[in-house]
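Visitor: Chain order of the listed sequences is U and W. Sequential numbering of the first sequence, starting at 1, is according to my numbering. Sequential numbering of the second sequence, starting at 1001, is according to my numbering.
A couple of the hints might just be wrong.
Have a look at the derived ranges for each label pair, beta carbon to beta carbon [said to hold, decoys possible]:
| id | chain 1 | residue 1 | chain 2 | residue 2 | range |
| --- | --- | --- | --- | --- | --- |
| 1 | U | THR36 | W | ALA1018 | 49 to 59 Å |
| 2 | W | ARG1206 | U | THR9 | 21 to 31 Å |
| 3 | W | ALA1412 | U | PRO66 | 24 to 34 Å |
| 4 | W | ASN1485 | U | SER3 | 33 to 43 Å |
In case anyone wonders, no lab produced these hints; they're calculated from the structure. Quantities reported herein were computed from a predicted structural model and do not represent experimental measurements. Virtual Cβ for every residue (Gly too), placed ideally from N, Cα, C.
Here's the letter readout for the chains.
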Amino acid sequence: MISCDEFITELGSLLDDEVAVEFRQQLESHLAHCRTCQVLYDSTRKTLRIVTESGSFDYPEPIAEPLVEKIMSRIRGNCAIDKASPSD
Amino acid sequence: MSFLREAEVPDSFGPFVAFRENMGFVPKLFRAQTLLPRVIEAEAQIAGSVLLKPSELSRTQKECILLVVAAAKRNTYCVTAHYQTLRTLGLTEDQLGRMIGDHHAAGLSMSDEALLDFALKLSRKPSSIGKQDIDRLQTLGFSDEMVLEAVLMTALTNFLCSLSTGLGVAPDFAPWQFKDAPNGSAEAFSIKSEFEIPNKSGLYLRAIDRSPSDFAPFAFFREKFGFIPNIFRAQTLRPDVVEAEANAVGTILLTEDVLSRFQKECILLVVSALNLNTYCVAVHCEMLRNLGVSPEKSDQIALDHSLADLSETDKALLDCALKLARRPAEFCAHDIELLRNCGLTDEQILEAIVMTSLTNFLNTLQMGLGTVPDFEPRLIFPLKEVNLSLSSSRPTLEALQREQSAPEDPDAEIVARVQAGETEAFELLVRLHGRKIYRSLTGILGSTDEAEDAVQEAFLKAFTHIGEFEGRSKFSTWLVRIAVNTGVQRLRGRKEIESLEGEDEEFRPRNIQAWQDDPELSYSKEEMRRLIEKEIMKLPVKYRLVLMLRDLEELTTAEAATALGLGLPALKARLVRGRLMLRESLVPYFSKGSTGVTA
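In isolation and in its complexed conformation, chain W is listed as follows (with noise of 0.2 Å):
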């Protein structure tokens, strides 16, 4: 018995034969969700690739991380299912006991005892997982690929508890009676971990380089997203487990039968912010946006979806999938029967329950492996922890705002100094920065004499709002953002917006003549700086723009789609497009066979 209606399958479906097979019967937690069996064949095909199939970590010790993290969580269901297979794997019930109330206590070597310090350290306290906790393991042993598979362990257990919570399963056994307090070793653990600080740099384990065109889920991933997100370049060492995801993607994201993908990708949003995984919800506000949805009401979604644009029903399913997250000790039947209210079938709330889970899974896989944002994020989450389980309300806008930084900004100081009320500093701002927003204003509004006027005026909007300026990007980042927002108001003035909104033209290069070797000998430096921009100021606006923010201005890739208010895809789409036409028009001047134009 469970919360939710179940279906009848034939005794063939493929992943209960598997389970008997494997387990020797079928668990009820799958049998829970034969309203959606393409659900359960992607987690099947996930729990086979990770638990059961043979690898580095052996299966007792992938048993036992399951174990010792699910009684973290006091997850009766599976902590029953997980202490009969490790009964059966060999283990004493008195070694099982001692694990569950303190695995310090189980007579385990201190290599197992890390592995474990580990993975209930990703599963409690997953933002403060760094560099110095995956070289802890190496220096005892354990292989990048064994590291992995300890991430995925802790990732897919964190799935399981939520998805049991969530449909209410009975066990499939008689139940473990929890005796004491939550572990306390834990406790005595996390304690101490607060005054450790992450190092959080870049990837932390080795991951092989795969192409799309050989790589099938990378290909996946290319055609529905138009990029290969960084969570699944990290984990190609077990390519198995990546071909598993993509398809859990595919069949529980993906699909729009049941859900819409727009309800989906806010339940991603929403339990990934309140997880505060900067990554996630950088990539899924970048699909929101993919889907039509502004920036702005993806953030509202993010921070509090209760003040957002959506039908009541959203925001009901939106309370669902945080209360199942946050406080999963206290979630019900009554909590179903309040969607089922709102109209939502038993199928809806079933894929919901299993979306909340897959976003559990995907930030544990994210906070283990450390990997970088795809997009420039607008949000970035502190990483001081917030005790999700304990904690009753989410991070306000205003905390976060105050707590937002970006790391690295050369003009920080600066800055600092004007929002104090030091106005003179400014002028070192104008100094350090006019030159670029006098080249984005020129390549926005096409005339030279035009963007003086609008250089002063991107400057004098700086300096009024510079108080608003709380360092979610660089400084630089920002004042572009201004120029460009005030030269598209002139060219709203002038009705040429449409030119910098519209779909991009198709552009095929036409003149495949080759070049001189050393085209630059050809003309003075004078002749050269006038001939390019005179081509460049033959650009359409929006390619124009791109391409002088990347290549005059030479702002990174993420920083200028930034700038831009546009998706990455889109940005490398038209700076494509953008240089071939110059080159195009460059073909005369500067191809073998060219007779000297006059520049």
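Pulled out of the complex, with its shape left as it was, chain U reads as follows (with noise of 0.2 Å):
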């Protein structure tokens, strides 16, 4: 039998479908039995649903663009000392 430390350590293959069928079986009849790993594997699902959802440390709009531009320009610096240095 599958103890509650077992099923935590698993928790995140689980989610991630990285277990094998028959583990899988296992840690699934773990779960039917054990209330604190059902509460604990429902709330981990729907913590990892709202973060892949929730849009966050997204590029805010009025940052993206003026931050493409500084980058190439500094590039375009870059290429134009390069191209300006004598060449060895």
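Two independent chains are provided; combine them into the complex using the hints.
Guide: Set out below in structure tokens:
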């Protein structure tokens, strides 16, 4: 039988669907009998869903375009300096 | 007589009793290893499962594979031994003589000829094996179990040939005299196969899912390595063989009483690199990393150990292993003497020869089964065959890097344009990946303002070094790695680096309250975004970073591990901890009893 500690260790792989079928069945049978792990599994799964859909740390639009410009102008500047300097 | 000293073992020694029962005598090959009885036990268990145990292929078919593959290698010891066995199984001297010369002239059935063709191809040109070779056998009526046995028999033959050459064992019977040039049919066959492009997609054979909780070998691998290597998962049609292999790994590789684990991993690495085996190189680079060896050092050992930071004794050990694997015909007592002169004992030399042979076994197995690496490989060896028995030098670093390319990088074309001097094309890469880099850096630095600066710095570095990008990984993974390095340098400036590299803390979930069915409905999208950003920022940096790369960037587990320079087990451990910490911090907002905390 799988313990709660083992279940928690494997929780990430279970959520990412990275466990073998038979092992998954064992994890699920632990889940069917353990209320604590049921709550942990359900709430961690919902946490992932919320995080993925939250759009967190997305480029704020006002930053995006100027940032691309800044990067490209620095690169063009560097290239211009390279071209201006005498080659060896 | 052999190159090494022998020791007395009692008549009751288990493997010797079994040999006497099965074969009528104890082969000298095993007597020559009595300095390390544990090694003989492991080998006897593998030979017992693969060759002696009745199975889907007949004993005659398996012995013919051994004979023909050993003959192609001009291995007198194995040819002599198995010629005798086949005689006792009823084959005539004439049949056997023709089979050693050219098995197509031995009057075999079409399917037996195809079986031997397959074994020869796997032994001589392993990287040209593809799914189509397995399909061909299946069309002729061979089951998955039979093909697995053919792969195992070929691997076992490579093991025994390497062992008998390395130990310098004299044949048990009057030695077979090779009459002509090497097996003509095999030469013709190898020329034909130059023009075939192997189909390397995925696993070639059916396997059964087994779990560590009811299959002891898998529990063993999980305990020792932290994962179950795909090469063993692919052989579950024969659980007895996997058990014997697990025992061999435990007895030969993981012991520390003769050679160190580090020395044995190095042998595995250099011989696998010589065999151009990307899978085994990836796995054993990872193993070395777990032993505290940097990825750069293990790459250097794989590509040219003579330039690596190793002791002279270790270099001599690897020279010897490589010579045995590359030029067995030239291997002689002098090579053993060189090792003795370095102060190595006969026990250590014996273990080195066994490790080299075990590597040949595992490499052959992997090529025949088509298993994919357990980790993202840092070095990808080209499919193009190098004829190992003839090549006098190992592939150079430059040659390998030229040929290495990640197969499906969507950015490859744009990157090539920038590399060719089209600066403006770089803007496309900034637009495509800016979002990802911004997020990664926010995750490391914990501040959006500083992230903006760091994004510019990371892209400038990427542009400056784009000429050095060689397609070993996807461009996006390479770029994230640059961003991570940029962020880490800034943390170093703030003296926060310990928090990124230190030991993982214990974390146990404490607040076990059930959550609402649809927590998303409790807050507006904007409130939700602010809440999640605030709580992610509170996570310790090492967990925050892993969680952001995996769950916000949606990198695969292997890509995230590569970008952070972490092993897969370490990455997974941090990921589950990060997710649980974030969950814990969100309980007050989303549990069933929550009273609407302001986000």
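Visitor: Could you run down the list of hints and mark each one as holding or not?
Guide: Results for each hint:
| no. | hint | verdict |
| --- | --- | --- |
| 1 | U/THR36 x W/ALA1018: 49 to 59 Å | 50 Å, holds |
| 2 | W/ARG1206 x U/THR9: 21 to 31 Å | 29 Å, holds |
| 3 | W/ALA1412 x U/PRO66: 24 to 34 Å | 29 Å, holds |
| 4 | W/ASN1485 x U/SER3: 33 to 43 Å | 39 Å, holds |
Consistency note: the structure conflicts with none of the earlier hints.
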